[in-house]
Every structure is written in structure tokens, then in C-alpha cells.
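2 protein chains.
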Amino acid sequence: MRETKQKNLIMSIISNSYTHPTANEVYEECKKTIADISLGTVYRNLNLLACQGQIRRIKMPNNIDRFDRYSDHTHFICGICGKIFDVPGGYVKNIIDIDGHKVMDYELNFRGVCQNCLEKEGEI
Amino acid sequence: MRETKQKNLIMSIISNSYTHPTANEVYEECKKTIADISLGTVYRNLNLLACQGQIRRIKMPNNIDRFDRYSDHTHFICGICGKIFDVPGGYVKNIIDIDGHKVMDYELNFRGVCQNCLEKEGEI
DNA sequence: AATTTTAATAGTAACCATTACTGTTAAGAA
DNA sequence: TTCTTAACAGTAATGGTTACTATTAAAATT
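Each protein sequence line maps, in turn, to chains A and B.
Taking my numbering, the leading residue of the first sequence gets 1, the next gets one more, and so forth.
Taking my numbering, the leading residue of the second sequence gets 1, the next gets one more, and so forth.
It should be emphasised that the hints constitute simulated quantities derived from the structure, not laboratory data.
Heads up, a few of these hints could be off.
Pairs of lysine-lysine residues, derived as DSSO-like cross-links and limited to a Cα-Cα distance of at most 27 Å, are as follows [to be verified]:
1. B/K120 / B/K83
2. A/K5 / A/K32
3. A/K102 / B/K120
4. B/K32 / B/K7
5. A/K59 / B/K32
6. A/K59 / A/K31
7. A/K120 / B/K102
8. B/K32 / A/K83
9. A/K59 / A/K7
10. B/K83 / A/K102
11. A/K32 / A/K102
12. A/K83 / A/K59
13. A/K59 / B/K83
14. B/K59 / A/K102
15. A/K83 / B/K102
16. A/K59 / B/K102
One-sided and incomplete, this derived list gives chain A residues near chain B with beta-carbon spacing under 8 Å [as the list claims (entries may be wrong)]:
17. Y91
18. D99
19. R111
20. Q115
Where is the CB? At the ideal position from N, CA and C, for every residue including glycine.
All chains, full assembly: derive it from the sequences and hints.
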């Protein structure tokens, strides 16, 4: 694998982001630095980095993937506004070996209604 | 909401399935009973049932959603062959209220290499 | 430093799971 | 039985993602 300025830029954008950006949002951010970067390049590198375990892919209900620094395993996704929040760990235990399968990672998504949407519901 | 033979059929297929079928697989199964059922009808009812919490939607790495009886929250997905396995519960604790958000459900996906792919790797 | 190799890129077209649309049908109420 | 309209079948459109191709530029070699 070759080191390119495009790959480094994409990696640094994800590393420094706390917003779980979509591929297109990463693309828009990239264009500020490399004006003619290709959307395909963004997708290819996001896939590559996710496959290598350097970043995390988060599957969203609307089928638009989001990406995240690798540190977070646990998220809360609001079913009303669709926003995604980081959640501190500690909810999962005993993850070594399940039914003979080798566990390398996990993704835990809580679903419900976020604080902001709860308050809005109260106003109705 | 009206009760229709299409909706009942789709619900019964999911209820009696242990294979986490895709929308298209549900469609193919439906056609054995209702030959001219529409793929759009399958999608509409799967979305409806998932939204009502009667069935569960599982987001897969390849962006093709799978559907499941509502009982299972926890799955293991193999990164090699892509197969999905049911996992008994007990891995998640303390799921009441997170940072002020109302938690109504959760999805826990373990990722790794399944037993079968582990054995194949050993053969190389 | 110049040359060579080829992985990665930019730009664009294609893919395909899913959704939207429209005229028709049938569930359930009147 | 008639009426209302939610749900349906069939089909077109959408859009996130992937595939393709000529070109560029890492980085190894000379």
C-alpha cells in the first residue's frame, strides 16, 4: 500500500472528527484541501481504512454509512431525528469466543428517542 | 392498518424463519404462496413491521438489509463469508437511560471470523 | 538524478437495493 | 350490497456506492 496525500487527508479528517461524517461529508471536507479529489477516491480509502480496522463504519437506518475514529464501539441513534451520539463503554462484557467464532470487534447501537426530541415531544 | 393476506404471509415467513432473510429472499418465499405479489409490497410491509417493532432489521456490511424475528438482539457476522449467526443474550447490561436519551432497543453485532472460516484458514 | 514499475487517482458510467408513483383491487365500515 | 380508501401490482425513478479507464505519481531500481 502506497502512502498518498489523499489517503493521509482522509485519515486525518476522520481522526479529528467528532461528527461521524458520511462519505460525502468527508468528500466535501477533503475538497477544502485537495480541490479536485474524486468521490471514488474517498470511498475507496474509507473502505480500505475500515477494512484494516483503522476507522469504523457505522450502519445507519437510512442506509447512508457513517465513519468514526476507531475508539468508539457504542452509539445511540435517535429514531426521530436520526442523529447519532457517542456512548461511553462498559455495556458489553465477556466477548472472548462465541460459539466457536473468533470475535475481533463489536458494534453496539442503542435506538430510541434522544433528549432533544424528548423535549420537543413534551411541547406538543 | 388493514389486515391483508400479503402482510400476514410476510409476518409468518419472518416469524418462522431462522435464516435472517433479505427482502428479496422474503419476496421469493412469498411467491410460492401468492404468485403475483409485488416486491414493493414486501418492502413496504417489512418497513412497516420493523417500524412497529414486530420484526427486526439487521444492517449488514454489504448494505443489503436482513430481517429477523424480534426476539434476537445480538448477532455474530463473519467478515470472511458474510454469514450471520444468532448469539444468546447476556452481553449487554444497564440499558436504562443513557445521557438523557430514552433507550427503546439495541442492536449488538459481533464481527470476526466464524468457526467454519477458521477451519478453512487452518487448511491453507 | 533519471528511469521504470505499477498502485492510486480523477472523472465518469454503471450498478442495484430501495423508494416513489399510478391505476387498480379488496378490506372493512356503513 | 354499497362505499370508502388503505393496500396492492406493476413499473419507473432515486441515489449511495462501486466499477471502469486513461492518467498520475509513489517509491523502487538503475
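Each hint, compared with the structure:
1. Among the hinted pairs, B/K120 with B/K83 is consistent with the structure: their alpha-carbon atoms are about 15 Å apart, no more than 27 Å.
2. For the hint linking A/K5 to A/K32, the alpha-carbon distance of about 13 Å falls within 27 Å, and the restraint holds.
3. Note on A/K102 and B/K120: the hinted pairing holds, with a Cα-Cα distance of about 13 Å set against a maximum of 27 Å.
4. About 15 Å separates the Cα atoms of B/K32 and B/K7, which keeps this hinted pair within 27 Å; it holds.
5. Using a Cα cut-off of 27 Å, the hinted pair A/K59 and B/K32 is violated, with the two alpha carbons roughly 32 Å apart.
6. Taking the CA atoms of A/K59 and A/K31, the gap is near 24 Å; set against the 27 Å cutoff, the hint holds.
7. Restraint check: the Cα-Cα separation between A/K120 and B/K102 comes to about 13 Å, which is no more than 27 Å; the hinted pair holds.
8. Proposed proximity of B/K32 and A/K83 is contradicted: the alpha carbons are some 40 Å apart, above 27 Å.
9. Taking the CA atoms of A/K59 and A/K7, the gap is near 22 Å; set against the 27 Å cutoff, the hint holds.
10. About 13 Å separates the Cα atoms of B/K83 and A/K102, which keeps this hinted pair within 27 Å; it holds.
11. Under the criterion of a C-alpha separation no larger than 27 Å, the hint pairing A/K32 with A/K102 is inconsistent with the structure, at around 41 Å.
12. Distance check on the hinted pair: A/K83 and A/K59 sit about 13 Å apart at the alpha-carbon level, within 27 Å; holds.
13. The straight-line distance between the Cα atoms of A/K59 and B/K83 is roughly 17 Å, inside the 27 Å bound, and the hint therefore holds.
14. Proposed proximity of B/K59 and A/K102 is supported: the alpha carbons are some 20 Å apart, at most 27 Å.
15. A distance of roughly 13 Å separates the Cα atoms of A/K83 and B/K102; the hinted pair therefore holds under the 27 Å criterion.
16. A hinted pair counts as satisfied when its Cα atoms are at most 27 Å apart, and A/K59 with B/K102 qualifies at roughly 20 Å.
17. With 8 Å as the threshold, the beta carbon of A/Y91 comes within range of chain B, its nearest partner Cβ sitting at about 5 Å, so the hint holds.
18. Proximity of A/D99 to chain B holds as hinted, the smallest CB-CB distance being about 7 Å (cut-off 8 Å).
19. Restraint check, A/R111 versus chain B: the minimum CB separation of about 5 Å is within 8 Å; hint holds.
20. At about 4 Å, the closest approach between the beta carbon of A/Q115 and any beta carbon in chain B falls short of 8 Å, and the interface hint on this residue holds.
Hint compliance for this structure: hints 5, 8 and 11 are broken, all remaining hints hold.
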